[in-house]
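S.K.: Next come the chains, spelled out residue by residue.
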Amino acid sequence: MNAFLSQLLNGLDKGGAYALIALGLTLVFGTLGVVNFAHGALFMLGCFCAVTFRYLITLETVTLDPEKLSPWGQPVEVRTPLVQNWFGDFGAVLVDYSVPISILLAIPAMLVIGIAMERGIVKHFYKRSHAEQILVTFGLAIVLQEIVKAFFGANPIPQPIPSDLRGAADIGAWFGMAPHLLTYPWWRLIYLLFSGLVIGGVFAFLQFTTFGMVVRAGMADRETVGLMGIDIDRRFTIVFGLAAVVAGVAGVMYTPLLAPNYHLGMDFLVLSFVVVVVGGMGSLPGAVAAGFLLGILQSFASMTEVKSLIPGIDQVIIYLVAVVILLVRPRGLMGRRGIMEN
Amino acid sequence: MFSLSRKDLLALAIFTVVVLTMPVWLAPFGAAYPGLMQKFAIYAIFAIGFNILFGLTGYLSFGHAAFIGVGSYTTVWSFKLLTMDILPAMVLAVVVTGVFALVIGYFSLRRTGIYFSILTLAFAQMSYSLAYSVLTPITNGETGLLLARDDPRYLDALLGAQANVAGLPQPTLLGSSVAGYAGFYLCAVILILTFFLSQKVFASPFGMALRGIKSNQTRMNYTGFNTKPYMLAAFVISGMIAGLAGGLLSITDPLAGAERMRWTESGNVVLMTILGGVGTLFGPVIGAWLIKYFENIFSAINTNMLNTAFSFLPDGVQSFVVTVLSKFVGEGWHLTLGLMFVLIVVFLPGGLVEGFHRFMARLKRRSAAPERVSSVQPAE
Amino acid sequence: MNETPPNIILHAADVHKNFGGLRALSDIDLQIEEGKTHAIIGPNGAGKSTLLNVIIGRIPPSSGAVIFDGTVLTGKAPYEINQLGISRVFQTPEIFPELPVLHNVMAPAFARRDGAFRVNMLRSVGSEREIRDEAEAILDDIGLHGRREDHAGSLSRGDKRRLELAMCLIQRPRLLLLDEPTAGMSRHDTNTTIELLRKIKSTGMTKVIIEHDMHVVFSLADRISVLAQGCIIASGLPHEVKEDPRVQEAYLGGSVE
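Just so you know, the sequences run in chain order A, B and C. First residue of the first sequence: 0, per numbering that gives the first Met the number 0; consecutive thereafter. First residue of the second sequence: 0, per numbering that gives the first Met the number 0; consecutive thereafter. First residue of the third sequence: 0, per numbering that gives the first Met the number 0; consecutive thereafter.
Careful, some of the hints might be misleading.
[Said to hold, decoys possible] Derived pair list, reagent style EDC-like, types lysine to aspartate or glutamate, alpha-carbon separation capped at 20 Å:
(1) A/K126 x C/E97
(2) B/K213 x C/E148
(3) A/K148 x B/E264
(4) B/K79 x B/E141
(5) B/K199 x C/E127
(6) A/K148 x B/E330
(7) B/K213 x C/D149
(8) B/K227 x C/D113
(9) B/K227 x C/E79
(10) B/K199 x C/D113
(11) B/K6 x C/E148
(12) A/K148 x B/E294
(13) B/K213 x A/D88
Since the hints were derived computationally from the structure, they do not count as laboratory data.
Let the sequences and hints guide you as you build the complete structure.
M.R.: Okay, here's the thing in structure tokens:
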């Protein structure tokens, strides 16, 4: 039972990341009608916003301390981050909390990247075939990941969890179980809450603002909205930017859980398409539900008991689910009829 | 059997000459060594096979690398278990990949459009993941499948043909070695045969049916064509050719690894086909050659070479130029590849072959322009 | 005159079709005689297209059956129905826009000769002389021979419709279904098409035509059935139908042309 619960919890935070990526992918597909193979790259860029921020904030001054000597008799180098020099303790906190704080960098950065992508390339492909959209965004994804590789190298760059948030929450104890029976790392819990918050925010935005209403109307019936004389172009740009931001912040917060490398985008892309397809092309609630569902499924498939029953299932569960769903229920869990069926 | 139109025969003749004289005309480009030319031939075969599916039917498969992988593994197993002769290896590679493609195609072709793409991608990724995990006894996981001296090679043992005593045995064709130039000419001949097959498909009623499916599936159905088996046949033929290419990769270098099945490899063959021209006979070949050539050239350039090349510039400018350019070469070659991809899809969706036709049409128009002024009615 | 009993090639027996709660077709009993041209007319929304789709197997009937020459069509795939000898012209032309006009006409001929599936790779399309000659002859008939090398997508709308007709004719179907073959055509094109259809009539091909244009109907039809609100309200020879009071009632009390 406990093993079951802890696997469930483990699947949830992964599911949160899947849901966030799939959300943006679906938003772009539903409104712009574009199949964006570069969406995974946006997640990856988000991760590297955190890396960049931490790099900037930990630029150091090196001073020699003549009082202390190293074992070789040399004065010890004392490295102090510049921010700590400038802001003292606040600077130290800044360094410690670099991951969550870099969201502040990620939001404008991802917005700019998203808008630039849409204005620069994607908008020319609204009227072209899905195959061509796939191809151009696939090329774009390669370009983005190679640029990142050129700047940050090929090795993963781990990001630390803020020191206050390390360790695990004793969730079992909260519900009256014996201590240490069911624990869950704090950061995973935070990621889960964070993803819930962002998903809620996006849905609220779509539900309660005029802009959101237009976007939802556009997802339901693109032509009519166009005929109503609403400036679709500008809204498309903003939707694309929004999707980029959602993918980006999802990436930022995920960095302590998975050290970012340049091909992370491609890895997550295949996965997020599977999520979108399972959820049903063009359905936002479907994308979210499928994200969590697949995260949990993946988590259960990697249990030793399951693996000994069906060897290798943890490696292929996601693709297996995708294949089965596509063959049995091609519209996914919540998809509408007639989307991309020809 | 050999019934090609005069135009196709001419194309085949030209193609044959071009392929067989590669060692001559590639020499000025510094690419005339057998290892690289083999790659040119093998990837051209792969792209031709992919084009039979994507070019004719419009179904975009993102899982063709899986077929390369299956062909590779089958070939190495044939070397290990049966004989070092490549004929059984190639036949087995094609047959096994064909069966594999039949199964994947049967399921994937139940859906169209992007769903088909994702299904093929999912199947390929499954094969890739399994090759690294559960199937390790067959694939030897990350190390890759290698030959060993003590492999049983039952057929060779039966015939008493024992491999050379020292070192690992080498693949042979009816007893003669296929290393070096022999290997290149082997691949070249198979490339020419594949090109011929592709010409036959393009010109045949079968190919017309495939084009019909791309153009209007509803009309095909109401015209009495059962489109499912047509698609499946195209998928299997395409897969078998990819399997053959995979087999050749393992013949020229007897090992097989799962990294050949990565989905980025599937993306590469899409890129080759697009770059050259989807649905054309020569396009995929040209695309494959260009990409493999540039990959070879660009990835070999390093900072020192750039420094020498730009040494005529003032120091500051030189280091700037070299820093920028170094991002595009060597390790950064994939960046150039990605940019090329984007530019081609944006500006020249028909690929280089279409670009060539446009260019010729413009030339013709320019030379015909003075005449048109005098004749008001263009001859139609 | 001695009447031999008519040979019924198509029989829609007791066909009903409901869409949700909506009754699209009820109690249809339609018999098509071999060699005749049978027109189905009726006001908009009478269920003409639904009837045609049920006949061709695109929509399964809620109850009842469609029998073509002794074979029940219900549940058969479109290609199987075509292979039985039924071809269809659509309301909006379904052609192969990316293929040359000539190949548009040759493809259906291959389906007729080679069946629903055959990997035919031995000979090239161009060297199939018999089919090629036949296709060129038909293109000559419909006046598109000069454009045989052009992509079909570049044809005008009227030409596309005629091309589609040619694609059906080359299959020499036993039954040809035409869904408003002249809709959207100019008077001149309409007359050419009528001439063409008259010519086919002499070959003994059975035709079912759905049509709005009474001029077309009365120039071609041997039999007319009138559909209104999903029921056949009259059926018979053109002049009988014309004088039927129920028909005039259905057309909003106006007389039929």
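S.K.: Quickly compare the C-alpha distance for A/K148 and B/E264 to 20 Å and report which way the hint goes.
M.R.: holds (19 Å)
S.K.: Given the hinted pair B/K213 and A/D88, is their Cα-Cα distance within 20 Å?
M.R.: Between B/K213 and A/D88 the Cα gap is close to 66 Å, so the pair fails against 20 Å, i.e. violated.
S.K.: Hint check: A/K148 vs B/E294, CA-CA at most 20 Å. Holds or violated?
M.R.: holds (17 Å)
S.K.: Hey, B/K79 versus B/E141, does the alpha-carbon distance stay inside 20 Å?
M.R.: holds (18 Å)
S.K.: Would the hint linking A/K148 and B/E330 be met if the CA-CA limit is 20 Å?
M.R.: holds (9 Å)
S.K.: Take the C-alpha atoms of A/K126 and C/E97, compute the straight-line distance between them, and say whether it is at most 20 Å.
M.R.: Distance ~18 Å between A/K126 and C/E97 Cα, so the pair holds.
S.K.: Given the proposed pairing of B/K213 with C/E148, does the C-alpha separation stay at or below 20 Å?
M.R.: holds (19 Å)
S.K.: Keeping to a limit of 20 Å between CA atoms, is the pair of B/K199 and C/E127 held or broken?
M.R.: holds (14 Å)
S.K.: Decide if the proposed pair is consistent with the structure: B/K213 and C/D149, CA atoms, cutoff 20 Å inclusive.
M.R.: Holds - the C-alpha atoms of C/D149 and B/K213 are around 18 Å apart, at most 20 Å.
S.K.: Between the alpha carbons of B/K227 and C/E79, is the straight-line distance 20 Å or under?
M.R.: holds (13 Å)
S.K.: Sort out whether C/E148 lies within 20 Å of B/K6, counting only the CA atoms.
M.R.: holds (16 Å)
S.K.: Would the pair B/K227 and C/D113 pass a check requiring their Cα atoms to be no farther apart than 20 Å?
M.R.: holds (16 Å)
Checked against the numbered hints listed earlier, the structure breaks hint 13 alone; every other hint is satisfied.
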